[in-house]
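> Spelled out, the chains give:
Protein chains: 2
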Amino acid sequence: MKKILVIGGVAAGLKAAAKARRCDSQASITVLERGKIISYGACGMPYYVGGDVNDIDDLMKTPVGVLRSPGYFKNAKDITVLTQTEAMAIDRDSKVVTVKNLATGEDDTLPYDKLVIATGASAIKPSLPGVELGNIYSLWHPDDAKAIRQGIEAGKFNRAIIIGAGLVGMEMAEALTKQQLQVTVVEMKDQVFPAFLDPEIAGVVSKYAAEKGINLLAAEKVEAFIGETEVTAVKTDKRTIPADLVVLAIGARPNVELARAAGLTIGTTGAISVDDEMRTSDPDIYAGGDCVENINIMSGQKVFAPMGSTANKHGRVIGENLCGGHVKFKGVLNTVIAKVHSLTVGKTGLSERDAKQLGYDYITVMVAGPDKPHYMGAKSITIKLIADANTRKVLGMQAVGEGEVAKRVDVAAAVLTMGGTIDDLFDIDLSYAPPYNSPIDNLAVAANAVMNKLAGKFNGISPITAKEKMQTGKAVFLDVRTPDECKQIRLADCPNIKYIPLGQLRSRLAELNKADEIVAFCKISLRGYEAEGFLEGAGFENVKVLEGGIVSWPFACEKEE
Amino acid sequence: MKKILVIGGVAAGLKAAAKARRCDSQASITVLERGKIISYGACGMPYYVGGDVNDIDDLMKTPVGVLRSPGYFKNAKDITVLTQTEAMAIDRDSKVVTVKNLATGEDDTLPYDKLVIATGASAIKPSLPGVELGNIYSLWHPDDAKAIRQGIEAGKFNRAIIIGAGLVGMEMAEALTKQQLQVTVVEMKDQVFPAFLDPEIAGVVSKYAAEKGINLLAAEKVEAFIGETEVTAVKTDKRTIPADLVVLAIGARPNVELARAAGLTIGTTGAISVDDEMRTSDPDIYAGGDCVENINIMSGQKVFAPMGSTANKHGRVIGENLCGGHVKFKGVLNTVIAKVHSLTVGKTGLSERDAKQLGYDYITVMVAGPDKPHYMGAKSITIKLIADANTRKVLGMQAVGEGEVAKRVDVAAAVLTMGGTIDDLFDIDLSYAPPYNSPIDNLAVAANAVMNKLAGKFNGISPITAKEKMQTGKAVFLDVRTPDECKQIRLADCPNIKYIPLGQLRSRLAELNKADEIVAFCKISLRGYEAEGFLEGAGFENVKVLEGGIVSWPFACEKEE
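Going line by line, the protein sequences match chains A and B. Residues 80 to 640 (this note's numbering) are what the first sequence spells out, left to right. Residues 80 to 640 (this note's numbering) are what the second sequence spells out, left to right.
Errors might be hidden in some of the hints.
It does not matter which identical chain is used: a pair holds within one copy or between any two.
Listed below are the simulated DSSO-like cross-link pairs for lysine-lysine, each with C-alpha atoms no more than 30 angstroms apart in a straight line [stated by the list, open to error]:
hint, residue 1, residue 2
1, K153, K458
2, K458, K257
3, K435, K156
4, K407, K472
5, K407, K638
6, K409, K472
7, K536, K257
8, K409, K156
9, K156, K546
10, K291, K268
11, K418, K458
12, K225, K472
13, K577, K153
14, K435, K291
15, K638, K82
16, K156, K536
17, K140, K566
18, K115, K268
19, K156, K407
20, K409, K536
21, K174, K435
Calculated from the structure, these hints are not laboratory results. Predicted model only: the values in this text are computed from it and were never measured.
All chains, full assembly: derive it from the sequences and hints.
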């Protein structure tokens, strides 16, 4: 009887075990988990803290309310799960794992024919003075989430500081503002989501977050945590901020000590190296989940990209291969999505920064628009596409807005997986009905804009570049919206601006100078694009369109009081 | 100066004109529209009738509230739009169109260098006795929508009969039930959405519609409309039903008379035949929108599939090619989506019926599941995949449920456009976060189920086949849900059923007979699938899983009172 031993009982490990059981009804399958609980939905913890989920046990249950306990796995799948059991060492020659029972302190050894390492990752704890003070948490285990929520409910916390503006940081910023705390996010890099967003999309998120009361301090470094026994303030390189709750969200590192000690190859990312069948450097040992590195399909580079969705796919691949299969894991697109109150932001494939670094001759476009017909209560979304200027292959996509962002990210991910071009993206016969989208979906508009740019029919300019021109006074900004719209909201700090509604452009052409560089725009820059066409037809040669319009302008605006 | 003449001012025609203007700032561009209004969002009319949209003018406005009037097109795009102007004849030799001013009755001729036919389609009016009675409407023009809504608001209508259970019919069924009318839908075929859904998915829709008070009479044929001046009843081949409002929604036919009279080739579908550059049999005449036929990418067959999204794409292609471009329109997937109250149903590519007709050696699977983690307030969706059993290529997808269906349909459409396999579908690195989906997205679950079926690891049975076995008493139905769940809802009319919760299967194995055919299931049949694995491991050789579980069961259930 084949003995399968799995180290780690959260996502990849349990999935591998379940899949292996499916392929081999005879094997002995044992899962070791050092914690007390297994199979919990760690990604759901911010929603428990924020109050969307009321009972933390819900994160550990199946959809029909059954707790995913060792008993459940034994009964339903004949899988033995040993909790509070830590794997201490792997003896690859004799194929034995030394384990410690954390409840009793007793040691034991368990033999294996095939071993799976799914030891996950751990939150990075910065080695800064005061980091061990009370009320400083990483949101990594349900116990952290419980402690934070209990503190909130006991009225202990008023001012929270979150260190790191990545996924966990921004999800927690939403959660804690929902709970009426004053929230400050301190981020070392100069933008939110620095690991995956380009600055103009990040700017849209920051601006929105500020409106929701999230105080974001970017390009600011935490130096120490201050307090006697519990944290009372955070000292950064710029100021000292009072706080009674600190959440550390500066990322994770893979748990590779066991694998490294056993002599398995660790990749350059610091995570366990595996081949495309999820096998480590030892053919009898597989590894998956947050402790391994993945290949990014677009860049071909190895990346450390822990994600619950990826871990589950790893588990499936490992489970099949444990039973003699040769299923391959293709890789990741570093797709991410996050909710910040009503805003969704997502990304798949390469960012512009990535494309530049990899030496692509690329083209980008940013378009904004309603996510369905305006009469159906549309919300705006902004899409940025990055494409190869020569092969027309889509390299990456980012999207942000209060509208339906996730759908567009996932369609883009499908196109990237298949190596599609912007033409393929345009061609997709997407479903259409007014409750769901406009006849020309935002993705098709974006693809079309790239085509037009490549054909020289659309001369766009990113808000970042436009802001530079604005500051140097180099260009005339031409706002072609109606007077009513302009009254409601306008670009701030823009001295060189003209307000001429699109419909009056013909009659008021004399107000513009052909020698000037003109940056035309409107709410979403569709009319800005029409202004470009009209002005070019009228002999203007240096007209640009502000991509994304006012909706996507990441800088300050003046608003009607 | 090139003269571009466009016949038809709704979707394709105006889009072609606008795109042409973009490519050629000098051309003279004229659009003829026989109606009084242009560029209206016809697809939005059911939402106006139902009360989601309050002002019908909203359907004619740009997102910023500007009416898409001839003046707007003149000002913004230098395009001349002549309303109430009907094209009567095309003289292809002298390149002249005879037009009639419908307001004055005057005739005129307009010359062209390039002509675009975008005459759209018209609602089919059945030639049945009484069809000209009052209060019988096709929902084809804003005037119809206005009349119906005015009648509702005046309290004129109480009992509505909708003829046809297609897209317009079911959207109107929602609209009229929302307006508190008694609604009956009479459909000649034996299911809702007969043109694109397979029966088991259609069954889920019908069952839901019935719960929402929509009385669906399938396989029933209307024979006459009864009344003096206004309709008072509808006579079918089975009964006479009182009605004070009738909506005809039995489909559309392309307006091809003008093209046919000019000697242009009409395709076998009855719509205008065009090449992949949207050119008719006359190289100087393009045609697009609802009056032309399309190629279905999956089947390679010509289809008549009028759709606002397709019309807009046609317009773009035509606009480019009018100016010397050689842009191609790739074709359609016959993707559709419809909302019926909180339910969404969609489809892309081939149905199982299509695949069978085309002679594919295909495999199907139906899976149900929550559209995100249960603790985030998930709603269920059911996905049916149709794949080529040999090449593993995805042929089509259908989805239905109160959860997020549109996203999954669009991702499937992307995969179909790129010719992807079920493995590609599984591989997509879809975005994951609890507010949006589960770590393993429903699409990946469906793809995985097909893989398992092909590998002989999952023995599924469709509800249609299961119902037959139920009726003949041939199989034992094994419900492995908890007693609490079974108390709430159970399969009706199923004498040969056993209730053994999954967790008790091991201890109660003696209650089952190895000689029996066993159909295992649960709420979504995930536990049903586990039961299959367990029973097979225990030596049972004829175990099947009811695909989609109780959630997708299209037949009657018994419920707790």
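> Determine for every hint whether it applies to the structure shown.
To see whether the hints hold, each was checked on the structure:
1. K153 with K458: between (48 angstroms within a copy, 29 angstroms between copies)
2. K458 with K257: both (22 angstroms within a copy, 24 angstroms between copies)
3. K435 with K156: Classified as neither: same-chain Cα gap 49 angstroms, cross-chain 37 angstroms, threshold 30 angstroms.
4. K407 with K472: Classified as both; 24 angstroms inside a copy, 18 angstroms across copies.
5. K407 with K638: For K407 and K638, the Cα distance exceeds 30 angstroms both inside one copy (54 angstroms) and across copies (45 angstroms).
6. K409 with K472: both (19 angstroms within a copy, 17 angstroms between copies)
7. K536 with K257: Neither. Shortest intra-copy (45 angstroms) and inter-copy (46 angstroms) distances fail the 30 angstroms Cα cut-off.
8. K409 with K156: within (28 angstroms within a copy, 48 angstroms between copies)
9. K156 with K546: between (59 angstroms within a copy, 29 angstroms between copies)
10. K291 with K268: Result: close within a single copy only, 21 angstroms intra versus 52 angstroms inter.
11. K418 with K458: both (15 angstroms within a copy, 19 angstroms between copies)
12. K225 with K472: Classified as neither: same-chain Cα gap 46 angstroms, cross-chain 46 angstroms, threshold 30 angstroms.
13. K577 with K153: between (72 angstroms within a copy, 23 angstroms between copies)
14. K435 with K291: neither (33 angstroms within a copy, 54 angstroms between copies)
15. K638 with K82: neither (68 angstroms within a copy, 45 angstroms between copies)
16. K156 with K536: Cα proximity of K156 and K536: across copies only (15 angstroms, versus 60 angstroms in one copy).
17. K140 with K566: between (52 angstroms within a copy, 21 angstroms between copies)
18. K115 with K268: Answer is neither; intra-copy 36 angstroms and inter-copy 57 angstroms both fail.
19. K156 with K407: within (24 angstroms within a copy, 53 angstroms between copies)
20. K409 with K536: Between. Shortest inter-copy distance 22 angstroms satisfies the 30 angstroms Cα cut-off; intra-copy 37 angstroms does not.
21. K174 with K435: The answer is neither: 46 angstroms in one copy and 52 angstroms across copies each exceed 30 angstroms.
When each numbered hint is compared with the structure, violations occur for hints 3, 5, 7, 12, 14, 15, 18 and 21.
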